[in-house]
Amino acid sequence: MNAAATASMTSTGEAVQFWILAVVATGGALGTVLMRKAVHSALSLAGTMIVLAVFYLANGAYFLGVVQIIVYTGAIMMLFLFVVMLVGVTAADSLKETIRGQRWLAALCALGFGVLLFAGIANASLRSFDGLGQANSGGNVQGIAALLFTKYVFAFEITGALLITAAVGAMVLTHRERTERAPTQRELSVARVRRGKQVPPLPAPGVYARHNAVDVPGLLPDGTPSELTVNATLRARGQIRDVSAEALGELAALEQRSSEWQGQKQGEGRKGAAQ
Amino acid sequence: MENLIGLLVLAPLLGAAVLLCGGRRLDRAGHWVGTLLAAVSFVIGVVLFAYLLGRSGDDRELGVTVFSWVPVGGFRADVGFQLDQLSMTFVLLITGVGSLIHLYSVGYMAHDERRRRFFGYLNLFLAAMLLLVLADNYLLLYVGWEGVGLASFLLIGFWQHKPSAATAAKKAFLVNRVGDMGLSIAIMLMFTTFGTFAFGPVLGGADGAGEGRLTAIGLMLLLAACGKSAQVPLQSWLGDAMEGPTPVSALIHAATMVTAGVYLIVRSGAIFEGAPDAQTAVVTVGAVTLLFGAIVGCAKDDIKKALAGSTMSQIGYMILAAGLGPVGYVFAIMHLVTHGFFKAGLFLGAGSVMHAMDDEVDMRHYGGLRTYMPITFVTFGLGYLAIIGFPGLSGFFSKDKIIEAAFAKGGTEGWILGGAALLGAAITAYYMTRVMLMTFFGEKRWQPAPSPAEPGAEPAAAHGAGELPHPHEAPRTMTVPMIVLAVGSVFAGGLFTVNNAFVKWLEPVTGHEEGHSPVSALTVTAATMAVLVVGVALAWAQYGRRPVPVTAPRGSLLTRAARRDLLQDDFNHVVLVRGGEHLTRSLVYVDHTVVDGVVNGTAASVGGLSGRMRKLQNGYARSYAVSMFGGAAVLIAATLLMRAV
Amino acid sequence: MNPVNYLYLAALLFTVGAAGVLIRRNAIVLFMCIELMLNACNLAFVTFSRMHGNLDGQVIAFFTMVVAAAEVVIGLAIIVTIFRSRHSASVDDSGLLKL
Amino acid sequence: MSFPLLTLTAAVPALGAVATAAVPAARRTAAKWTALAFSLATLVLAAVQLVRFAPGAKGPFQLTESHAWIKDFGVRYELGVDGIAVALIALTAVLVPFVILAGWHDADPLETKSSRWRPTQGFFALILMVEAMVLIAFEATDVFLFYIFFEAMLIPMYFLIGGFGDRAGEHGEAETAAQRSYAAVKFLLYNLAGGLIMLAAVIGLYAVTAHQLGAGTFSLQEITQARADGRLEFATTTERALFLGFFFAFAVKAPLWPLHTWLPNAMGEATAPVAVLITAVVDKVGTFAMLRFCLQLFPEASKWATPAILVLSLVSILYGALLAVGQRDIKRLIAYASISHFGFIILGIFAMTTQGQSGATLYMVNHGISTAALMLVAGFLISRRGSRLIADYGGVQKVAPVLAGTFLVSGLATLSLPGLAPFVSEFLVLVGTFTRHPVIGGIATLGIVLAALYVLVLYQRTMTGPVREQVRRMPDLRARELAVVAPLIALLLFLGVYPKPLTKIVNPAVEHTMSQVHKTDPRPDVPVKAPVTAHDVEAAK
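Which chain is which? The protein sequence lines are F, Y, V and D, in order. Take the first sequence: its position 174, counting from 1, is numbered 174 in the UniProt record's numbering, and each next residue is one higher. Take the second sequence: its position 260, counting from 1, is numbered 260 in the UniProt record's numbering, and each next residue is one higher. Take the third sequence: its position 15, counting from 1, is numbered 15 in the UniProt record's numbering, and each next residue is one higher. Take the fourth sequence: its position 248, counting from 1, is numbered 248 in the UniProt record's numbering, and each next residue is one higher.
Among the hints, erroneous ones may be present.
[As the list claims (entries may be wrong)] Distance windows between CB atoms, simulated:
no., chain 1, residue 1, chain 2, residue 2, range
1, D, Tyr77, F, Phe118, 50 to 58 Å
2, F, Thr150, D, Ile155, 53 to 61 Å
3, F, Gly139, V, His52, 15 to 23 Å
4, F, Phe118, D, Ile155, 47 to 55 Å
5, Y, Pro448, D, Arg478, 39 to 47 Å
6, F, Ala122, D, Ile203, 39 to 47 Å
7, Y, Leu576, D, Ile155, 45 to 53 Å
8, Y, Gly601, D, Val402, 43 to 51 Å
Source of the hints: derived by calculation from the structure; they are not laboratory data. If you're wondering where the values come from, they're calculated on a predicted model, not measured in any experiment. Each residue gets a CB set at the ideal place from its N, CA and C atoms; glycine is no exception.
Working from the sequences, and respecting the hints, build out all of it.
If you want it as structure tokens, here you go:
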């Protein structure tokens with residue numbers, strides 16, 4: 001494909017690669033939009049980006065392909081995941097729409113927009129293409145570098161300024177300076193008592209349960225699990241592992257065995273309560 | 001000599017300006033200034049009269065153009081005066097009677113704190129009236145015409161603190177304005193037809209215009225005359241106008257202003273002669289009014305209103321005569337002059353009586369005054385004899401001629417008009433006898449004075465309320481004018497008729513034809529005398545033989561209707577006033593709800609729409625993103641479409 | 001196969017990304033969708049670069065990446081800040097645009 | 001380039017506005033005197049204009065100035081006056097000093113501390129600003145230049161209406177303020193709507209001239225010249241659309257029924273001097289512009305629209321008068337009376353006769369003076385009692401005879417009593433209309449009866465009758481107030497008796513306009529040998 005100055009078809013290999021990867025890319029994109037959890041969305045997007053990197057390479061943009069993987073998939077997506085972990089993990093995004101008609105309108109607009117874009121592309125006479133053989137003859141990276149430092153040097157410099165500004169901006173935005181004195185322990189406890197909600201420390205997980213992993217709630221004396229004992233983040237994410245039924249079942253079985261062993265008859269009532 | 005004409009108008013105008021702008025400093029001498037300037041005007045009038053008499057009959061027209069007033073394109077209005085025999089007659093009447101009434105007012109208004117202003121208004125009236133009769137074109141006449149209307153408005157409403165006076169003044173002005181509308185349309189028609197509205201060319205060129213156009217002009221002039229001269233159907237203001245001080249009633253609403261309509265019709269004779277239909281309308285109006293006024297005059301107990309009805313009726317005679325064409329013009333003017341004397345005299349007499357009776361106007365509260373105020377009685381009596389047409393007195397000559405001329409119209413029309421005039425003469429005799437008997441004869445029916453009006457408002461009552469009046473003869477300033485006018489009422493008619501002097505004097509201006517009556521002049525006179533006797537006898541039977549009840553009896557249907565001006569006022573009230581009120585009220589409503597409502601509605605709907613639109617701005621960034629995205633789609637579509645096209 | 005198919009794919013990805021922006025409420029996912037759209041554009045640029053036989057398209061794509069990086073940094077910083085004060089990453093909760 | 005007299009005439013009040021506004025806040029009296037001095041200087045300049053203006057000179061415009069301004073759009077700074085403009089400039093220059101004098105205390109800060117601060121300097125500066133803009137509008141012969149000032153004068157007017165009102169009467173400060181701002185907004189919206197439509201027409205005019213002449217122009221003279229040469233021809237529809245665009249704006253400003261409803265609100269809520277400024281000065285720009293722009297730029301369309309406009313103005317005359325009769329508020333009554341009078345003015349303009357148009361021009365001047373007199377006296381009356389309701393008065397004549405007398409004379413001028421100036425103009429309008437449209441002229445004559453009705457009803461209810469308790473202590477006119485009213489009344493009398501100085505200036509301009517519209521007066525049916533009149537005698541000399 002490098003040889004022909006002007007061609008209208010690519011190689012069959014590329015075609016096969018395109019059709020397979022295009023499906024993957026589209027799937028990733030849809031996944032990004034439709035996945036309930038932000039983490040899943042991020043992973044889908046990462047997949048799409050990698051596919052795109054492959055396409056860049058196929059299109060002769062070797063430098064960009066590599067940059068796409070390193071910078072985009074490697075750095076930016078990781079930044080995303082980092083922030084997701086920082087803030088977005090509390091709750092899965094509810095996909096229930098709150099603005100009336102928003103989804104319909106969005107679908108309509110997207111459909112119309114897509115149709116128009118397709119029509120536009122189809123309308124343009126793009127039967128033939130030049131290929132990058134000549135441009136890439138001195139090496140793709142060298143070619144881009146030549147352009148960047150000659151023709152686009154000002155834009156390049158300004159981009160640098162932009163990046164620095166962005167870095168400083170991010171720091172300024174996220175850096176929080178205390179404007180008032182931090183409350184002391186004493187003040188905190190007074191406030192807690194005044195609120196009158198939970199004066200002593202929260203109960204630890206796993207109390208009265210067989211496990212004491214952080215995601216296992218402790219049991220109340222009647223055997224029901226108490227959510228208070230689990231970390232709020234896990235609670236919000238619905239990641240509480242309720243093992244009470246299993247534990248109670250085991251307890252009941254134990255008691256049955258012991259009552260059988262002792263020949264007593266009260267065991268039936270307790271069995272019913274356990275369920 | 002011509003320049004004197006301008007002075008004639010200027011003298012009273014100067015008086016008005018000085019008196020009205022002069023401030024309180026002139027309060028003490030103002031009335032004499034006013035009277036003096038009126039007299040100056042009269043003297044100038046006499047000088048001019050003498051000058052005119054010195055010239056031959058056909059060369060007695062003086063004209064002077066003072067300055068060009070409104071020159072716009074073909075529209076040329078000048079301030080110019082024309083003095084001919086017709087104007088001269090009026091000038092003498094106006095200034096003569098005017099000066100006398102100024103003099104009378106000095107006494108009559110002696111106790112009024114706003115006397116200076118009263119004389120200012122009187123002078124203003126004189127100026128406007130002189131302008132009216134001296135103008136050489138219709139537009140300038142119109143200025144005088146409205147000017148006298150203004151003066152009349154100011155003087156009727158002179159006692160403004162009385163709501164009735166203020167209302168009467170407004171009514172007079174408004175009804176007059178309706179007439180003025182007629183005059184202005186007439187002037188516009190003249191301008192459209194002839195391209196000018198100066199007397200000479202219009203009246204000279206009237207032959208050339210079509211009859212339809214002349215009829216239109218004539219009818220509009222008649223409307224104007226009806227307004228100013230209180231003829232049916234615009235007569236309703238005159239009765240109310242009696243709210244003004246009595247000298248005003250005498251000068252403006254009896255002797256001069258109200259006769260302006262007659263002047264207008266006689267002056268525009270050439271137009272009416274070319275429009276027989278308009279003439280018919282004029283005589284009809286005259287005949288109807290002379291009966292209308294007479295009937296109203298019979299029923300009124302208010303002495304001034306009775307005299308007002310009489311004035312209406314007498315002017316009806318004049319209008320009738322003026323509508324008869326050249327046969328009647330001279331007699332219309334002659335009756336106008338004699339009427340000016342005797343009616344002014346009668347009003348001054350009435351004023352004198354009121355002055356004596358603490359401003360009591362109800363004749364049922366008079367009675368037996370002849371011994372208390374002999375001069376008033378004699379002068380009033382002479383006026384009375386003159387107006388009923390007692391042989392040898394001035395009213396006899398002028399009225400008789402009119403009745404004769406009415407018969408001379410010929411045919412059924414002549415009989416009807418003549419009959420109406422005769423009937424009018426009978427009623428005149430009846431109601432004037434009634435006034436005379438109720439006021440000066442019979443026993444005293446005096447009532448305690450009504451509670452005092454606002455202090456210092458009217459000629460102040462000499463004593464407090466609740467006492468019987470003490471009638472006394474009026475002061476000299478009041479009696480002298482009454483005597484002079486009485487002399488005029490006795491001798492003027494005879495003087496005019498001697499040697500046919502008046503006819504000869506006016507003929508060059510108005511033209512004159514001898515009527516050919518189907519009945520001889522002697523028969524007419526005899527018939528007039530007969531109806532006169534019948535009228536007097538009837539009145540004596542009713543009011544002389546029997547005592548007059550102090551409170552008015554209910555009376556017949558006709559009497560009750562006549563007391564209410566034959567329901568004309570009620571008709572006006574229901575149709576015009578009420579209707580107008582409803583119209584304006586509904587228009588105010590329409591303006592507020594519909595015209596303004598459309599605009600406010602537009603504003604409200606824009607507001608409502610934006611209220612709806614506001615909901616689109618729900619604050620959700622994603623909603624905005626949809627609009628953005630949709631907008632982008634539309635832009636792309638538009639771009640594609642543009643390229644496709 | 002004609003490289004124009006890359007363009008169709010880019011258009012499809014772009015549209016899907018845009019729809020995601022409109023539908024999702026989680027600000028982070030929203031940003032991801034924007035990234036998706038940017039990537040779609042980059043694909044188109046790269047394809048055009050190949051079609052026209054010069055490297056300008058790639059340079060532009062490069063700049064897009066830089067700008068995207070800057071944008072993500074700032075955007076995420078904003079999200080973190082908002083989350084700190086409002087305890088939510090939903091864009092619907094930041095209804096301050098409403099009067 | 002001769003001495004720029006016209007620019008100077010408009011610049012002096014503009015400078016005056018700046019100078020007045022710059023007077024320190026504490027020195028209120030100094031600000032008043034400054035404003036008065038500048039307005040008098042403007043009056044002097046207007047008088048110089050009158051003297052320098054030669055009625056018989058060739059060409060439609062005199063004292064012209066012309067400079068390129070925005071070359072790209074062919075906008076020029078072109079000034080020039082014809083007789084009509086000179087007359088109206090004189091009117092404006094005469095009225096403004098009286099307005100300032102009449103409003104001497106209208107913008108004083110209230111005594112009570114709680115009320116808002118009223119910037120005296122601003123009040124007088126705004127008045128001068130309005131004067132400057134109105135003068136430029138009268139002088140401009142470039143459509144665009146005219147348009148700018150036609151619109152710009154709304155801004156100071158808006159603040160004058162909304163910012164300064166009568167002292168709150170029984171209704172309380174808050175409610176009057178709300179009504180006032182409603183009136184101000186209504187004024188602004190109506191006039192802006194008109195102005196926007198006009199802007200579209202102005203742009204349309206440019207497009208047409210640019211298309212046909214090669215270079216677009218707004219110059220009135222250039223356009224009329226090009227039309228006369230045949231270089232410029234409007235398509236019928238285009239001309240009508242442009243005409244309607246211009247006319248709409250002027251009809252709002254004039255105001256013509258049914259676009260009138262802003263006027264009663266504005267005049268009712270504004271102080272009397274500001275109301276005078278609205279009706280006697282600013283509104284005149286509307287009727288003036290009909291004569292100058294509508295007729296001269298679009299003669300054919302004007303003729304086409306004449307029947308409809310005549311009917312509308314007839315409706316205005318009768319409707320305004322009837323509504324005036326039904327009003328309970330003195331100032332609103334005068335406003336409706338003005339609507340009726342504007343009906344007469346527009347009737348005269350579109351009667352397309354010399355008498356009608358001369359009459360309309362005289363009417364503009366006379367109506368300005370008479371309404372100013374009536375409104376200012378009414379304002380003096382209202383300031384004494386603190387109420388605008390007619391029913392709150394009665395018997396004023398007894399306690400304040402001079403006030404009542406001047407009120408009556410102004411009222412009589414309003415009802416066009418002969419001998420006072422408005423009669424001449426009203427009669428000319430009626431005659432001018434009658435010669436061409438007898439039916440409309442005849443019906444319009446009804447207006448004189450209705451005028452008498454509303455004026456006399458107003459006079460009767462306020463001035464006559466028993467003295468009301470609240471009126472008993474009312475002082476008569478003070479020296480300052482008399483100094484405002486007396487000259488106006490003197491002017492009314494003078495122009496009523498001797499209007500020739502005015503007609504001499506106006507007639508040539510009207511004849512020029514008539515020739516632009518290709519109309520001649522109807523001939524009399526039976527022309528009689530014209531008598532030798534004083535006019536001929538003087539002409540012969």
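Each hint tested on the structure:
1. Tyr77/D x Phe118/F: 50 to 58 Å: holds, 57 Å
2. Thr150/F x Ile155/D: 53 to 61 Å: For Thr150/F and Ile155/D the Cβ distance comes to about 55 Å; the hint holds.
3. Gly139/F x His52/V: 15 to 23 Å: For His52/V against Gly139/F, whose Cβ atoms are near 19 Å apart, the range 15 to 23 Å holds.
4. Phe118/F x Ile155/D: 47 to 55 Å: holds, 53 Å
5. Pro448/Y x Arg478/D: 39 to 47 Å: holds, 45 Å
6. Ala122/F x Ile203/D: 39 to 47 Å: holds, 41 Å
7. Leu576/Y x Ile155/D: 45 to 53 Å: Hint holds: Cβ distance 46 Å, inside 45 to 53 Å.
8. Gly601/Y x Val402/D: 43 to 51 Å: holds, 46 Å
Taken one by one, the earlier hints all hold for this structure without exception.
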